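Asker: Residues per chain are reported as follows:
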Amino acid sequence: MTEFSRRGALVLIGGAASLPMLGTPVLANTKVNVGALRFTSHAPSFVAFERGYFADEGLDVEFKFFQAAQPMAVAIASGDADFAVTAISGGLISLAEKGATKVIGGALSEEPGIDGQMILASNAAYAAGLNAPSELNGKSFAVTQTGSSFHYMGSRIADAYDADVAFKPLQKVGTIIGAMKSGQVDAWTIVPHIGKALTGAGAVQHIGMVADYIPDYQVTTVFTSAANAANERAKSEAFLRAFSKGADDFNAALVDKSAGPDAEAGMVSLIHKYVYADQPLEKAAPSIINGAMRINKDAALNMGSVTDQLNWFKAEGLVKDGITTDTLVDQTYVQTI
Amino acid sequence: MSDAARPVPFRGGGFRPVAKRGAGLAVFVALLALMEWGTRVGWISNLTLPRPSDVATTLIDLARSGLLWTHLSLSLSRLLAGSVLGITTGIGVGVAIGLFSYVRAGLIPLVAALFPIPKIALLPLFVIWFGIDEGSKYALIALGTFTPTVVSTYGAVDNVDRTLIRMGQSFGLSWASIVRKIVLPGALPGILSGLRVSIAIGIILLVAAEMLGAEYGIGAYILQAGSLYDLERLFAGVVILSALGVLSSWLIGLAEKRLLRWRV
Amino acid sequence: MDLTLDRVTHRYGDMPVLKDISLRIPAGRILCVIGPSGCGKSTLLRLIGGLERPDEGQVLQLGTPPPGCLNPLTYVFQDFALLPWRSVAGNISLVLEDHGIRGPAAETIIDDVLARTKLNDFHNALPRQLSGGMKQRVAIARALAVNPAVMLLDEPLSALDAQTRELLMEDLVALWERAPFTGVYVTHNLAEAVRLGHSIAVLSRRPGQLRELIDVDVPLADRQPGDPQLEALQARLWQLMKDEAMAADQELLDV
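Chains as they are written, first to last, in numbering that gives the first Met the number 0: chain A, 0 to 336; chain B, 0 to 263; chain C, 0 to 254.
Take the hints with a grain of salt, since some may be wrong.
As the list claims (entries may be wrong) - Chain C regions said to be covered by chain B (calculated; three or more residues, Cβ under 8 angstroms): (1) 25-31; (2) 66-77; (3) 93-100.
Hints are computed from structural coordinates only; laboratory data are not their basis. For clarity, every value in this text was computed on a predicted model and none was experimentally measured. The beta-carbon is built from N, C-alpha and C at its ideal position, and this holds for glycine as well.
Can you build the whole structure from these sequences, using the hints too?
Answerer: This is the structure we're talking about:
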């Protein structure tokens with residue numbers, strides 16, 4: 000059971016605070032492509048890049064930006080990107096089943112006490128009585144695509160009340176926002192920085208929190224190609240170490256707010272280089288601060304949540320029945336919760 | 000030069016397509032066999048192409064589960080409603096452009112402006128105008144089939160033999176008679192061949208129309224398969240769309256055979 | 000019913016095509032119009048039939064069309080102008096339908112004109128199944144169906160080969176002998192003009208002016224190919240036209 004002992008060792012090391020720096024990088028100038036969305040939840044990668052944590056590990060990182068999570072998974076499979084952070088989607092699981100991708104760590108999580116993803120109702124539906132998730136029966140629910148994380152969340156919330164909900168695939172977040180504002184769909188879930196802006200403007204109504212229905216939800220995971228996970232262990236571990244350092248800085252500055260106001264301002268302006276870059280800093284800052292959710296320390300992975308998500312995909316017939324968590328996840332890299 | 004008689008060397012031949020029956024089918028079968036063999040041996044990875052036999056199984060399962068008919072009936076009704084709407088108004092506007100100078104001057108620039116718009120880009124707008132349910136899907140397919148139908152129809156009307164119209168006038172036929180008995184039948188071949196293009200565009204737009212808010216339908220099925228990276232279902236859906244294309248083209252061919260028997 | 004052209008002048012844009020033409024077309028006779036190519040013969044015919052308006056001068060009708068005449072001025076076109084999607088009978092019924100003649104009444108007329116043009120067996124044939132000569136017979140039958148006061152024939156035999164042309168000329172003569180009609184027959188073929196014209200109008204090259212009007216006294220039925228009198232007439236017409244034709248041929252086509 001060498002695998003187990005290795006994992007055990009990692010748990011020990013991980014428990015000791017951030018991963019210890021090795022004296023010199025094991026790798027020298029290894030070229031790595033990292034897939035990213037311009038979302039606050041991808042900040043650890045940006046921090047690790049800007050503050051040189053990737054360089055310290057000998058990783059020469061180049062970002063490849065995407066518009067949605069789905070193409071990022073395909074880019075990993077095709078070898079156009081080496082690492083990425085995204086929600087567990089049906090596409091990601093199918094690619095793992097084909098032996099193309101592997102989840103190696105956890106990132107964004109729902110955590111009690113920190114504002115997480117919100118359940119929203121359109122003004123029209125709210126006026127018609129949809130003022131709590133318990134009223135979802137017979138309503139429509141917006142998702143980007145079948146088998147997306149929105150679909151999973153909506154389905155789990157509906158399950159809580161045995162509600163019959165019609166899921167409307169609308170492809171893009173922007174389209175969903177339009178459909179919510181005009182009352183074409185009744186309900187939706189979304190990350191807080193978008194949700195707070197919408198409810199603040201009175202365009203939609205806030206009727207609940209996702210965390211109440213999916214406790215300890217492992218929203219996004221770190222994943223790479225199966226080949227990287229199996230054969231490029233040093234590179235993958237180096238990436239996770241640098242990513243974790245970035246996450247620690249991010250959590251301290253924006254989630255725990257333990258680093259003081261200067262650190263918060265510095266973090267916001269760093270993230271602003273990548274997120275909301277088309278808006279002035281003053282305008283972008285509240286959105287960035289609102290959107291801050293916990294990134295798991297040391298990229299720990301909540302296996303309970305991952306298993307629940309996988310089971311849901313199987314139950315819905317969206318992925319093949321034979322897939323196990325071992326097909327999807329390489330558990331030898333990080334601590335599992 | 001010797002005096003011996005020699006046959007004149009043959010220099011003709013070639014450059015003339017000859018119908019070879021079954022060649023198309025053979026290419027098709029050979030490609031499928033290559034795909035099947037390649038995926039079985041592992042020379043083609045399962046990330047690149049699905050195994051044709053798996054696609055066939057997926058199709059059979061889909062038909063057995065009854066979902067195929069749910070998808071097909073919804074998609075066909077969308078295609079039918081949208082394209083009937085787009086094609087009838089398209090023919091009407093096209094004939095009007097062909098007949099009336101003011102309509103021509105007023106509408107040709109508008110049609111030229113509408114034609115190159117990627118109709119998919121208007122989809123979110125259509126959702127606001129016509130609702131997220133069937134209305135926006137009908138509208139998208141209708142607009143997509145409308146513009147090519149207009150262009151091919153007024154082209155066909157323009158191409159009606161002017162001497163036939165002159166003949167009609169010389170015999171004192173009424174304007175309505177000339178339009179009904181000379182212009183419309185004369186434009187029919189052009190209108191029908193334009194329909195082939197319009198309906199193909201309608202099928203393409205079916206997938207786009209089902210991007211927004213469709214739970215069932217061939218397009219929704221394909222998009223779902225794409226987002227799940229399920230190549231077998233993706234190809235099964237594509238096969239159904241291709242079959243729809245072949246079927247519609249065959250139906251128009253049948254209509255041409257019946258309606259255009261007078262052609263040489 | 001007679002037709003009279005009174006100093007007709009016509010231009011296309013700045014280019015004059017017909018200049019100052021005065022002609023009388025008496026009832027029951029065939030007037031042939033000849034001239035070098037581009038002299039405006041066909042334009043003249045369109046003016047006579049009312050398909051175009053003359054810029055100056057006018058075309059006048061004298062008297063009323065005979066009773067039962069559906070379309071007083073009726074054309075026979077060079078390229079036949081048959082609807083390809085209608086059968087022989089359908090092409091003829093086309094010009095009757097607008098006059099409310101349908102069913103048995105139409106069938107009677109159709110059978111009659113088909114018999115006169117020897118087309119009885121082709122009642123249901125489509126134009127594409129017919130030879131050029133047959134198609135022109137259908138066009139003539141269609142013209143006869145409306146019982147015209149004046150037949151306007153625009154180079155009706157030009158698209159046909161020599162043998163067919165010969166046969167159709169005989170048919171036209173036979174038709175006229177049976178029921179004399181008024182005709183204006185435009186052609187560039189002198190032999191046709193000599194064979195079918197009671198009088199022959201010779202036009203100059205563009206702009207077309209009336210150079211000469213020749214009466215031919217020999218009855219139509221007596222005109223045979225090789226008749227010395229007609230050969231002499233044809234030679235005289237050629238002398239009249241030769242220089243004009245040569246000059247017309249050398250004009251630059253910048254129309």
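Asker: Counting residues of the segment 66-77 of chain C that have a beta-carbon nearer than 8 angstroms to any beta-carbon of chain B, does the count reach 3?
Answerer: Contact hint for the segment 66-77 of chain C vs chain B: holds, 6 residues under 8 angstroms.
Asker: Apply the coverage criterion to the segment 93-100 of chain C and chain B: a residue qualifies when its Cβ sits closer than 8 angstroms to a Cβ of the chain, and three qualifying residues are needed.
Answerer: holds (count 4)
Asker: Examine the segment 25-31 of chain C: at least three residues should have C-beta closer than 8 angstroms to a C-beta of chain B.
Answerer: Since three or more residues must qualify, the claim that chain B covers the segment 25-31 of chain C is violated, with 0 doing so at under 8 angstroms.
Hint 1 from the list above is the single one not met by this structure.
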